[in-house]
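2 protein chains.
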Amino acid sequence: MENGALGRHIMAEYHGCDPLVIGDKDAVRLLMLEGARLMNATIVTDVFHTFNPHGVSGVVVIAESHAAVHTWPERGIASVDIFSCGANIKPSAALDFLKQGFGAGRRSVMEISRGLPEGVAAELIVKKE
Amino acid sequence: MENGALGRHIMAEYHGCDPLVIGDKDAVRLLMLEGARLMNATIVTDVFHTFNPHGVSGVVVIAESHAAVHTWPERGIASVDIFSCGANIKPSAALDFLKQGFGAGRRSVMEISRGLPEGVAAELIVKKE
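These protein sequence lines map, in sequence, to chains A and B.
Numbering-wise (the numbering used here), the first sequence opens with residue 1 and increments by one.
Numbering-wise (the numbering used here), the second sequence opens with residue 1 and increments by one.
Worth flagging that the hints you see were computed from the coordinates, not collected in a lab.
Incorrect hints may appear among the rest.
Each pair may be met inside one copy or between any two copies, as identical chains are not told apart.
What the hints assert, rightly or not - Subject to a maximum C-alpha distance of 20 Å in a straight line, what follows is the list of computed DMTMM-like cross-link-like pairs (lysine to aspartate or glutamate):
#1 LYS99 x GLU118
#2 LYS127 x ASP96
#3 LYS99 x ASP18
#4 LYS127 x ASP24
#5 LYS127 x GLU111
#6 LYS25 x ASP46
#7 LYS99 x ASP26
It should be emphasised that the depicted structure is a prediction, and the values quoted were computed from it without experimental measurement.
Work out the full structure: start from the sequences and follow the hints.
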């Protein structure tokens, strides 16, 4: 990357999600695993759990770093992180797929460089939709 | 939180880390688990793996969300994420402990609100050290 960053970190917020989907641990897990495949990630393992009383939290560990999700079905909100190293990962494929899978009405996507050389300031990029 | 955010996301970058520590999967795992305990997190499970040829990537899934780490021992850099829901988590205790544990010369810490209500813009806060 131009600024010498070793990692790329995408943060997406989905609004207006279907609460029946994002409150279902198995559904969220399958969507995240398929999203990881679509962005060319090599899946190492995954962990998902349900909050009490509702909401799902999970991480897909990929050879190129990780993808994480947290959902609040009572608000229709899902937050997704994709942290990747290497140029082969295409987060946009996963982001598009998850928007459809979550039944989201709207999403906002931000990107920040990680693993920056010392003294290089991180910059938050808000993507236009 | 004041802006209605449901989650708090801390991103820390450590520079000048001891490559023997941050290149050692078991050492990084133990430091992350102890950091999670120090910030009052309830550990659900953890996954750590070593990159080829070097570098460690890992996630500690906590009841309150997750903590992740990625290291580049050849550059002396470690990136840490702490994503938490609820007011009981004290990320600063983990961040201080990890700085010492990684043998880091310097760290930079950023914070961003997650799970924001629709239409509320996320703001990146760079913490002064």
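Each hint, compared with the structure:
| no. | hint | result |
| --- | --- | --- |
| 1 | LYS99 x GLU118 | between (35 Å within a copy, 15 Å between copies) |
| 2 | LYS127 x ASP96 | within (13 Å within a copy, 32 Å between copies) |
| 3 | LYS99 x ASP18 | within (10 Å within a copy, 41 Å between copies) |
| 4 | LYS127 x ASP24 | neither (28 Å within a copy, 36 Å between copies) |
| 5 | LYS127 x GLU111 | both (7 Å within a copy, 19 Å between copies) |
| 6 | LYS25 x ASP46 | both (12 Å within a copy, 18 Å between copies) |
| 7 | LYS99 x ASP26 | within (17 Å within a copy, 37 Å between copies) |
Against the hints set out earlier in the document, a violation occurs for number 4 only.
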